[in-house]
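K.L.:
Given only the sequences and the hints, what does the whole structure look like? Please build it.
Chains as they are written, first to last, in numbering that gives the first Met the number 0: chain W, 0 to 448; chain V, 0 to 256.
Simulated from the structure, these hints should not be mistaken for lab results.
In this text, all values refer to a predicted model and were calculated from it rather than measured experimentally.
Idealized CB from N, CA, C, for every residue including glycine.
A couple of the hints might just be wrong.
Stated by the list, open to error - Stretch by stretch, here's where chain V covers chain W in the computed footprint (C-beta under 8 Å, at least three residues):
| # | region |
| --- | --- |
| 1 | 13-24 |
| 2 | 34-41 |
| 3 | 92-101 |
| 4 | 141-154 |
Stated by the list, open to error - Some, not all, of what chain V presents toward chain W, calculated at C-beta under 8 Å:
| # | residue |
| --- | --- |
| 5 | Leu158 |
| 6 | Leu159 |
| 7 | Val164 |
| 8 | Leu165 |
| 9 | Ser168 |
| 10 | Gln170 |
| 11 | Pro172 |
| 12 | Gly174 |
| 13 | Val184 |
| 14 | Ala188 |
| 15 | Ala192 |
| 16 | Thr195 |
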Amino acid sequence: MRGRARTILRPTGRGIVVLVACAALWLLGDLTRIEPARQLAAGLVLVLAVGAIGILVAGRGISPRRRVVDDAVPVGGSARVMLEMQDRPWITVMPLGRGVVREHLPEELGGQGDLPLARRMPHVLHVSRRGGHALGAYSVLVRDVFGLFHLRRTVEDGLRITGLPAVAEMSTAAERSTGIADSAVAGAAPVAGVGELGPIARPYATGDDIRRIHWRASARTGTLMTREDEPTAGRSAVVVLDTTRRDGLEGQVEEALVSHAATVLDSLGRNGWEVRIVDASGDEITRAQRRRGVPGPSLLGGEADALERRASLLALAEVDFDDDEQHGVGRDHAAGHAELAIALGADLGEPFAGLELDRFAGRATRRTAIALDAALPEEEPETPRRARRIGPADGDDFGHAHEQHAEQLAAAHAQRPPRRSRLGTWALVRGSSADTLDDLLTTAVEEPR
Amino acid sequence: MSPLMGRPSLEGPHLTGRALLLLVALLLAAAPTSQLLAGASWLVLTLTGAAPVILGGIVLRHLLSRTALVPLLQLGLICVLMLVVETAQGLAPWSEGPVAVLASQPEVLRLGVQELASGLPPMVLGAPGTVIIVVLVALLALLLDLLYLDLGWHTPTALLLMGAVLVPSLQQPSGGAWWQVAAPVAAGAAVLAVRTVHGDPAISRGTAARRPGPSPRPAAPSAPRCCASRSSPPAPPCSARPCPSWSRRGSRSTSTC
Chain W
0 MRGRARTILR PTGRGIVVLV ACAALWLLGD LTRIEPARQL AAGLVLVLAV
50 GAIGILVAGR GISPRRRVVD DAVPVGGSAR VMLEMQDRPW ITVMPLGRGV
100 VREHLPEELG GQGDLPLARR MPHVLHVSRR GGHALGAYSV LVRDVFGLFH
150 LRRTVEDGLR ITGLPAVAEM STAAERSTGI ADSAVAGAAP VAGVGELGPI
200 ARPYATGDDI RRIHWRASAR TGTLMTREDE PTAGRSAVVV LDTTRRDGLE
250 GQVEEALVSH AATVLDSLGR NGWEVRIVDA SGDEITRAQR RRGVPGPSLL
300 GGEADALERR ASLLALAEVD FDDDEQHGVG RDHAAGHAEL AIALGADLGE
350 PFAGLELDRF AGRATRRTAI ALDAALPEEE PETPRRARRI GPADGDDFGH
400 AHEQHAEQLA AAHAQRPPRR SRLGTWALVR GSSADTLDDL LTTAVEEPR
Chain V
0 MSPLMGRPSL EGPHLTGRAL LLLVALLLAA APTSQLLAGA SWLVLTLTGA
50 APVILGGIVL RHLLSRTALV PLLQLGLICV LMLVVETAQG LAPWSEGPVA
100 VLASQPEVLR LGVQELASGL PPMVLGAPGT VIIVVLVALL ALLLDLLYLD
150 LGWHTPTALL LMGAVLVPSL QQPSGGAWWQ VAAPVAAGAA VLAVRTVHGD
200 PAISRGTAAR RPGPSPRPAA PSAPRCCASR SSPPAPPCSA RPCPSWSRRG
250 SRSTSTC
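P.N.:
If you want it as structure tokens, here you go:
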């Protein structure tokens with residue numbers, strides 16, 4: 000995307016020093032009749048002239064354009080970004096100066112950093128937080144060969160990358176413990192009678208299994224039809240995400256809650272549930288229909304599922320934990336006829352305080368509430384760092400921060416395993432942000448009363 | 000680039016290349032002194048004074064982990080150099096013992112300063128004058144070495160080298176040959192151009208979590224992971240669709256994940 004650009008050409012500090020020295024030497028030469036002073040001033044003028052010509056020539060053809068290849072990636076993943084010059088910059092052909100592209104990225108995307116100037120600069124950005132992140136402006140910085148002049152072309156293109164919540168896999172045991180997967184699910188549709196087409200038949204698509212051809216429907220319609228497996232009972236579930244603004248609620252807990260919501264949503268969808276995710280105010284965050292592509296090998300259904308899934312994740316990515324009680328926390332606007340309810344919230348001593356969970360659950364028979372507290376102390380925000388320059392000695396030593404973080408999480412999990420208890424009609428599981436959904440649902444120990 | 004300023008110091012070939020450039024620049028900047036010294040002594044004496052300091056600095060920086068000690072050891076090297084030159088010129092009375100050599104130093108310095116002060120260009124230097132010039136060149140080389148390699152102050156270094164044009168100006172106000180001006184200006188220009196031609200190594204090298212900015216190399220093509228564990232960052236969902244992967248050349252290819 001090509002954005003609004005503004006260009007600044009100015010002398011550097013070094014350029015000003017050389018200019019002043021040049022004038023002073025010329026004056027000295029005039030006053031004292033010392034010829035070497037004038038000769039040196041002339042030499043400095045020559046250096047300045049070469050620098051000026053160099054920066055003017057080097058600045059030709061710099062017309063950057065940036066586009067985001069992956070506009071939404073899971074937290075912890077990398078988004079590909081392509082930065083390229085539309086024309087061939089002269090500086091990439093002739094060594095007239097040195098150029099970098101400085102991206103003024105937010106901390107969530109890695110912070111400010113430099114890329115060596117080239118015709119094409121594909122790179123990746125590591126997305127560390129959920130939500131929409133503006134990439135910010137980027138600047139093409141060019142200096143002449145002597146470092147006397149500085150050309151800065153700043154472009155603002157308004158590009159964004161969305162950090163999607165992480166989606167994990169739920170084990171079968173975890174799915175069964177919440178009622179998502181049932182060992183004996185009865186089909187909802189009646190058995191098709193003689194001559195009836197059955198509930199779902201669609202045109203044959205290349206790649207469909209020959210054994211799934213719906214011969215009866217094909218005979219009726221005159222074209223090959225493929226049989227989709229009929230859905231199980233029209234099951235609907237509601238996931239309540241406690242987005243109430245609470246003092247002491249930490250970012251890691253928010254991230255874990257949203258991640259678990261996305262995981263539950265995915266698992267419910269795969270098991271044939273219609274799902275609504277609502278926030279503490281009862282507003283619907285997202286809704287997902289029963290998976291069309293599950294369990295049949297339908298390509299169109301798979302496409303539709305992927306689109307719906309992406310829309311849901313994008314909606315979850317924007318979730319903020321800022322609902323307050325004055326704006327109707329705890330009242331579900333549309334409880335519906337959910338058969339299964341799962342609530343996710345922070346555990347700050349009294350889980351789901353101020354929230355009437357039963358009103359969200361409607362007539363749901365399976366109710367599971369998951370409350371999390373922070374596993375690790377919140378990190379202090381770092382002071383902004385200076386731009387990192389990329390040079391020949393740049394190594395690939397990324398250190399062991401990642402492993403250390405994993406060890407800390409594992410230690411926190413071992414120290415405080417999840418506990419299971421009751422919260423009214425709900426099965427309450429209390430754990431920490433270090434616990435995976437499987438840990439919470441399968442390894443929780445009964446809490447002593 | 001300074002260990003004194005809390006920045007990483009130059010290492011390996013970067014250090015060697017820049018140190019050798021400084022040596023060459025010093026030799027070029029010495030060109031105007033050919034108006035003051037007879038014959039090729041301006042080049043020989045500059046080389047004698049500068050080479051041990053700069054080359055010794057390279058060796059010391061490779062050997063020592065604490066590079067802040069290097070300038071001090073280079074100072075010691077200059078003392079050794081002075082004794083060697085005095086010995087070569089027959090000024091050090093080693094036959095009378097080391098104490099006598101040390102005791103003779105003030106006299107050597109006095110004679111050298113007297114010789115330089117009373118001489119007229121172009122001078123043919125005597126032994127004390129030679130010692131003084133070599134020591135002065137060595138001290139200047141140490142100063143520039145500190146400025147250029149340790150502190151990374153390229154602009155003062157370049158201006159000092161260019162300023163060598165003015166060294167003979169009191170004796171020769173009308174100036175000298177063109178190359179006696181061009182050589183110091185070229186030396187200064189070379190120092191100014193160093194960071195453009197040869198960028199500084201990275202200022203910061205940290206962990207992945209602390210490493211700011213974009214990564215210039217796209218990640219190696221890999222299939223998205225289908226599950227997330229406690230020890231790994233969250234994984235993108237897996238689908239049965241072909242997904243694009245990114246080659247190091249930036250071209251798209253297709254793989255099945």
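K.L.:
Hints first: check each against the structure and report whether it holds.
P.N.:
Evaluation of the provided hints:
no. : hint    : verdict
1   : 13-24   : holds (count 4)
2   : 34-41   : holds (count 5)
3   : 92-101  : holds (count 3)
4   : 141-154 : holds (count 6)
5   : Leu158  : holds (6 Å)
6   : Leu159  : violated (11 Å)
7   : Val164  : holds (5 Å)
8   : Leu165  : holds (5 Å)
9   : Ser168  : holds (4 Å)
10  : Gln170  : violated (11 Å)
11  : Pro172  : holds (5 Å)
12  : Gly174  : holds (4 Å)
13  : Val184  : holds (4 Å)
14  : Ala188  : holds (6 Å)
15  : Ala192  : holds (5 Å)
16  : Thr195  : holds (4 Å)
In summary, the structure is inconsistent with hints 6 and 10 from the numbered list given earlier, while agreeing with the others.
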